[in-house]
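Since the structure of chain A is already known, use the hints to place chains B and C on it.
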Amino acid sequence: MRLALRGLRLPLPRFTLEVDLELHGRVAGLFGPSGAGKTSLLELIVGLRRPTQGSVHLAGRRLTDAAERSFVPPERRRIGYVPQDGALFPHLSVRRNLLYGAPHGDPTGEGKNRLAEIASVLEIESLLDRGIAGLSGGERQRVALGRALLAAPELLLLDEPFAGVDRPLRGRILPVLARIRDDLRVPMLYVSHEPEEILALCDEALRLERGRIVAHGAPAEVLASTTTSRAAAGSPS
Amino acid sequence: MKRLLLPLALGAWFVLPAVPTAAVELNVSAAASLTDALQEIVHAYEASCGDHILLNLGASSLLARQIEEGAPADLFLSADEAKMDSLAKKGLVLAGTRKSVLGNTLVVVVPLDSKLKISAPADLVSSSIRALALAEPQTVPAGIYAKEYLQKLGLWRKVIDRVVPTENVRAALAAVESGNADAGIVYQTDAEISHKVKVAYAVSEAEGPKISYPFAALAASRHPQETRRFLAYLSSPPALDVFRRFGFLVISGPAAHP
Amino acid sequence: MSGEEFQILGFTLGMAALAMVAILPPGLALAWLLARRTFPGKAVLETLVALPLVMPPVATGLFLLRLFGRRSALGRFVHDRLDVDVIFTWRGVLVAMAVMSLPLFVRSARVAFEEVPLRLEQIARTLGASPVRAFVTVTLPLAARGLTAGLLLAFARALGEFGATIVVAGNIPGRTQTLALAIYQLIQLGRDDAAVRLCLAAAGLAFVALFTSERLLRRRPS
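Order-wise, the sequence lines are chains A, B and C. All residue numbers for the first sequence refer to the working numbering, where the first residue is 1 and numbers rise by one. All residue numbers for the second sequence refer to the working numbering, where the first residue is 1 and numbers rise by one. All residue numbers for the third sequence refer to the working numbering, where the first residue is 1 and numbers rise by one.
Chain A extracted, bound-state conformation:
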């Protein structure tokens, strides 16, 4: 990915989010205590919020520029977003959820193949024609992931995607994300409390505290340098 956040500022209730960074790896991991501003940062990148100052650039394209009053709306950014609870559309089947963002105008051929491919990678083929009501937490997350992928994003943001998923299942999904990284080659920015996930997937790591990046570098170093991170993280069971 080539993501650049320059002089980004956003006032939040208890502090101001101030970020200035560039990301070049395949997968970047973002972690920090809850309330540090991680979700707000993701919303700024995807275009659901506007900063008071600063700019957002992706692969050389300027997406947000507060000074120039320039703003590309979310639907044209090609940035996928998988929020914490998946946010599946309750009125659509799994298949229609998955296909919601897929490029139109190709009812057969390539579109169908992509669906089959992603469904296979995420192991959700058996769920395709079901409604979303009876899905388990893990199934919901995988469908949300598939939905974001099928929209062919240039960057994928994942906001604690497995927060509600039990450990064994997480262990099975991490390889899937690795395949997304390696085979589908979709850059990701991954927010998580879990050091294992960060270490397993990410090329670089960032720690956000009270709206500022306090550490940025190789995952092992960043994790080791903050002994408070484990205490603050605490995985929800």
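Hints listed in this document are in silico derivations from the structure and should not be mistaken for laboratory results. Virtual Cβ for every residue (Gly too), placed ideally from N, Cα, C. Hints may be right or wrong, so weigh each one.
[To be verified] Stretch-level coverage of chain A by chain C, calculated; a stretch enters the list once three of its residues show a Cβ under 8 Å from a Cβ in chain C: (1) 69-80; (2) 87-95; (3) 143-157.
Using the frame of chain A, we list chains B and C on its own:
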């Protein structure tokens, strides 16, 4: 004792008239077309005698219905005989007090700035009249009179699809004043008090219906004496002068009704 | 019921249905605006929309009479250019019903929109949907039950509308006489038996509309 009697009697003779009689409040239900004339008359009456007159103005049909349902009213001034008849049949009229003193004529009115040329009944059928305002022709006297008039000339069926029936005759007048009705049939007396309509033509006596306003005291009145007094005032010369000034016709003598 | 009474019933139902068609676009727009946006003057807009609910219906009727009557700019335009009258015609009935039932619809529709998680609309946007597409494919379907319940409520209100209707459209049998107006006239004529028949019809219609509305609300997806 006998020697005190004369002084006592003389004293009473001086004192008694000074005992004040309590001012009475009368409820008078009157046809809407009488509004302006009555207001002037009531004003004069209250000044002269101290009784307080409460006017309940509306369509005679509605007023009659209210009286039938037991609304407190001392006097009923109706715009047609039929409404009074129906009350009399139910025994609601105080015997011997009914008389018809006033008459009226119908006129066809148009808005003041109207360009329509209406000078004869046949003009009412013209297609440029899309809304002809009348008081409700089934129940309200002014509407009944207008319908009677049009039926007599064989025009009713032809205008019926553009008739706009209104609550009472003053509402018909208002509809024409506002310009929302192209023409209307109201009383001469209504046209005279309005500054926003002009008379297209007046319905002649020969073609028009016989309009008479019966007045009567009501049997359920709690103040029959004061009611009769006001009733008498209504047909006295000063009151009749006011009525005439507003355009009412004065029918000679009380009608012979039981 | 006589043929005349069926005509009145049919006319009233037809006008109320037409009024629903008329209030849908502005109602949806207003409801969405009030549900999803903040802006200066929002409280004023909310109050204006709610006004017909609390003002005496005849007062609203007078306002409409002046607005559409031949003496106003709007009335003159409509009459001279379009050769159409609103006062004392079925169009007046339509206007009165629409204005009086709009606030009820906006209230219910607003709640229906507020109950659709904003997150879902946002996700739709990130998946490439324009605001319009997100509205049509996500918001509307999820709000559908609440919107329908609101429309039924507004429909019931339009069916029973009297005060504004009688001022704007008059009580003209065969032309503007709705159920409520007919009942009023029958009372004045002393024909209570016919009035009661129409009252029962009105009550029956209102009951069905309201009952369906409540059922829909009860089974909303939470």
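Going through the hints against the structure:
1. 69-80: That given contact holds, which follows from 8 residues of the stretch 69-80 of chain A lying within Cβ reach (below 8 Å) of chain C.
2. 87-95: holds (count 4)
3. 143-157: Result for this restraint: holds, n = 3.
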